[in-house]
Amino acid sequence: MATEVLWWIFAAAIVALSAGVVFSRSVIHAAIFLIGSLGGVGAMYVFLNVEFLALVQFLIYGGAVTVLILLALMLTRMGASGTPEKLNGAQAPFGILVGGGLMAILIGVAVSTNWPKNVSDKPFAISIQTISNRLFLDYGVPFIIASALLLVALVGAIILARQEEGE
Amino acid sequence: MVPLSNYLVLSAIIFSLGAYGVLARRNAVLILMSVELMLNAVSLNFIAFAAYLDPTKVTGAIFAIFVITVAAAEVGLALAIVIRLFRNRATSNVDEAATLKW
Amino acid sequence: MGAHQAWLLAAIPAGMFVLLALFGRYLPRKGDYLGVLAIGTSFVLFFFVLGDFLHVGPQHWPIVETIQWSNIGSFHLRMGTFVDPITIVMLGVVTTVALMVNIFSIGYMKGEPRYYWYFAVLQLFVAAMLFLVMADNLLMVYMSWELVGVCSFLLIGFYWEKRSATEAAKKAFITTRVGDVGLFIGIILLWKATGTFNIQEIIQQAQAGQIGHTYLFVSVMFVFLGCMGKSAQVPFHVWLPDAMEGPTPVSALIHAATMVVAGVYLTARLLPLFEVASGALLVVTIVGLVTAILTGLMALAQTDIKKVLAYSTVGQLGFMFVALGSGRPDIAMFHLMTHAFFKSLLFLGSGSVISATHHNQEMDRLGGLWKKMPITGTTFLAGCLALSGVIPFAGFWSKDEILHATETWSGGWAFILLSFAAILTAFYTTRLFIRTFMGEPKDREVYEHTHESPLVMTLPLIFLGILTCVAGLVIWNGVGRALGFPGGITEFIFLTEPERYHFDWVLAGASIGIAGVGIFGAAWLYWGNSLEKSTKLAEWNPGLYQLLVRKFYFDDFYQAVIDRGVLGFSYIVAWFDRYVVNDTGVDGSAQITGYSGYILKYLQTGRVPNYAMGIALGVVGLAIAGLVVRG
Chain A
1 MATEVLWWIF
11 AAAIVALSAG
21 VVFSRSVIHA
31 AIFLIGSLGG
41 VGAMYVFLNV
51 EFLALVQFLI
61 YGGAVTVLIL
71 LALMLTRMGA
81 SGTPEKLNGA
91 QAPFGILVGG
101 GLMAILIGVA
111 VSTNWPKNVS
121 DKPFAISIQT
131 ISNRLFLDYG
141 VPFIIASALL
151 LVALVGAIIL
161 ARQEEGE
Chain B
1 MVPLSNYLVL
11 SAIIFSLGAY
21 GVLARRNAVL
31 ILMSVELMLN
41 AVSLNFIAFA
51 AYLDPTKVTG
61 AIFAIFVITV
71 AAAEVGLALA
81 IVIRLFRNRA
91 TSNVDEAATL
101 KW
Chain C
1 MGAHQAWLLA
11 AIPAGMFVLL
21 ALFGRYLPRK
31 GDYLGVLAIG
41 TSFVLFFFVL
51 GDFLHVGPQH
61 WPIVETIQWS
71 NIGSFHLRMG
81 TFVDPITIVM
91 LGVVTTVALM
101 VNIFSIGYMK
111 GEPRYYWYFA
121 VLQLFVAAML
131 FLVMADNLLM
141 VYMSWELVGV
151 CSFLLIGFYW
161 EKRSATEAAK
171 KAFITTRVGD
181 VGLFIGIILL
191 WKATGTFNIQ
201 EIIQQAQAGQ
211 IGHTYLFVSV
221 MFVFLGCMGK
231 SAQVPFHVWL
241 PDAMEGPTPV
251 SALIHAATMV
261 VAGVYLTARL
271 LPLFEVASGA
281 LLVVTIVGLV
291 TAILTGLMAL
301 AQTDIKKVLA
311 YSTVGQLGFM
321 FVALGSGRPD
331 IAMFHLMTHA
341 FFKSLLFLGS
351 GSVISATHHN
361 QEMDRLGGLW
371 KKMPITGTTF
381 LAGCLALSGV
391 IPFAGFWSKD
401 EILHATETWS
411 GGWAFILLSF
421 AAILTAFYTT
431 RLFIRTFMGE
441 PKDREVYEHT
451 HESPLVMTLP
461 LIFLGILTCV
471 AGLVIWNGVG
481 RALGFPGGIT
491 EFIFLTEPER
501 YHFDWVLAGA
511 SIGIAGVGIF
521 GAAWLYWGNS
531 LEKSTKLAEW
541 NPGLYQLLVR
551 KFYFDDFYQA
561 VIDRGVLGFS
571 YIVAWFDRYV
581 VNDTGVDGSA
591 QITGYSGYIL
601 KYLQTGRVPN
611 YAMGIALGVV
621 GLAIAGLVVR
631 G
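Chains as they are written, first to last, in my numbering: chain A, 1 to 167; chain B, 1 to 102; chain C, 1 to 631.
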């Protein structure tokens, strides 16, 4: 019972924070809201009994990605800090159309489908052994490829962002 | 606890918000942040399915791990490009980068 | 060697054609003697075939020899030879006349360019014609039909340096082509109804009533169209007079004795079908009568000796068709045979005249040649008397029988019309003879330089002359039996049962009277080769005379049809091609593509958010569509 109430609180928080990311007028505020939103999703993982992934979420998203985004934001500001730029483009109404449409479709499908009867209200616990077995044994090749991908992304980012001589 | 559909609805809402953000925002970094939101929603969806329907072969969780990995790599690269763009044009407004047109 | 090897008769000339066509140029004397050798061999072999045929007796007739030609799924085709009395007559006629023409050509064509090619095509023609008469199925008939048409085209246009010759060749081919289309349609219709091309099987099925009545009539009429085209019946007659542009021996062989009788032969062969389809025989008779009368009238106004003979040929073919229409294939074949002999004699005779007078064909410049060319003149006279139907020459017997057949068959009107045509025949033939050989020469220059032709040309004339005198006698049963046949020609060839020939004095008298009227009429008009009386006659009614001279305006009519009809239609087609296909279709689709690209390029705004919007809208749209389809 208590977990359920807690779940609803967290869910509401996530929605509010996400809305903040998307609707806020200041980029820094949006970045902060993003951190919060990602953290909320991590909490959801805990509710789902996948603690390992929750930790991964916090580490990578909360740690690395948001820092990266904040850095980029600071590097690409122009003029005096704090001036609110015009942040919403001309496509806003269409965006609402699309977003609303997607939401309606997805929620409609999710709610109206008959999920299998063996779905109890309690999610199974996914142990780290299971995950590691799957990851390293059955999906070993994608795993290696993903690491190679990360390497390439790293090198690529460095090349793209470095300062040429004379710049 | 809560039924599966709750998670699905939640993920749908976040996804839609992210989609709106991608379409409506003009700052490149803000667009990237909206993309991150969408990816997160997707991972949540997968893990919810894995936890409720597939406890033996947690395919959803594995997928979510890879999504997170690739999202991180992609964000890094995309921001590098944005920085490049900013250096060339002194703006990070995507509407200004419109020379490849008719 | 017997009737089963009849195909050899055709294969030998065919082989000689290949030899002459490839190597003729390099042979000594350009291979003319080889041509004579090949046809001579066929001529000799014919007697073997004949002997064998008569030896085995009527119970074994017809003699058939086939090979499996094609076997595809449910389509089986056997090709082969079919030797029956009609075939025997045709084989004899073709080989004899071809041999005479070949020998004659050695003299006539001396010094002409492409000498070897002339003999080569002659061989091919003889081979094709022999295949045609021996064929046992309609496909083979059609193939040979086309092949003889090609040979005719090649030979009419032999002097292709002359514009008129090429025009004539084209005209011949195209006119017969129109008929050939009909023939082909008829063949296919018959095949559809009976499932076979074999002539005997088709006849059996028709006689058993297995083909629908109107269907049979229509398909038989289409086949008859082909016969009309090839045998130059009205309205297809226009090509034959023009075909006289070819060398005269060619006219003798192809356009008098053999190719043009292919139509008569095919009709005789398929006559059981014509009998079953009621009304078909009437059509045949009417066509023959109309042709005989019209061409007889047209011949009255011609001044070129070859043209007179050409119209005469068409008219005589009309006579043969009348005989067929009266249900007497025996008489038609008999007339075919006698006509082949005396008409080729007349043509070769005129060839002799032409060659001797250095290519003067107009009667206006001839006259009194009998003194200078006695052999030619005498044989020519024999031919003329035969054509007019004077006893005891060959033409009398066959023409007499045709008149007899029309009298018994349809009552008065056909007999009267045919008699009128016979009078015309006698008239213009006598006119031809008088103006060419008798009286005062019109052109002294030409007269002085004329002399008798060499032996190589006169020998065939003599041989054919003898045949003209005696060939008619085979109608007598006694004569036939003495030669080894089961009886006279009417007992040899028959449709349902043999008829005994008996001599009818009244009818014979009528025939002689008819011939006499024509001959004396012409003699009175033209005696001494004077044109006074005839010019006065022409001036008496200039309109009628013009009608005859202009050949009833058939050529002008056809030319107008082509000018207005064909060319007019082609203007419409050209308009369609230029404006609909080209401008609208081709240019139009290119312009639409260009224009749509011009409009659609505005989608490329270069702005990423716009593209993202496109993607998003697409996804939403697809999701909705998927949901709607899933229901």
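Treat the hints with care, since some could be wrong.
Stated by the list, open to error - Computed Cβ-Cβ distance ranges for the label pairs, DEER-style: (1) C/Q604 <-> A/V15: 55 to 63 Å; (2) C/V629 <-> A/E4: 57 to 65 Å; (3) A/N133 <-> C/K601: 48 to 56 Å; (4) A/Q129 <-> B/R89: 47 to 55 Å; (5) A/V67 <-> C/L600: 37 to 45 Å; (6) A/Q129 <-> B/L53: 17 to 25 Å; (7) B/R89 <-> A/H29: 19 to 27 Å.
The set of hints was computed from the structure by calculation and includes no laboratory data.
Computed from a prediction, not measured in an experiment: that's the story for all the values here.
Quick reminder that beta carbons are idealized off the backbone N, C-alpha and C, glycines included.
Cross-check of the supplied hints:
| no. | hint | in the structure |
| --- | --- | --- |
| 1 | C/Q604 <-> A/V15: 55 to 63 Å | violated, 37 Å |
| 2 | C/V629 <-> A/E4: 57 to 65 Å | violated, 38 Å |
| 3 | A/N133 <-> C/K601: 48 to 56 Å | holds, 55 Å |
| 4 | A/Q129 <-> B/R89: 47 to 55 Å | holds, 51 Å |
| 5 | A/V67 <-> C/L600: 37 to 45 Å | holds, 44 Å |
| 6 | A/Q129 <-> B/L53: 17 to 25 Å | holds, 20 Å |
| 7 | B/R89 <-> A/H29: 19 to 27 Å | holds, 25 Å |
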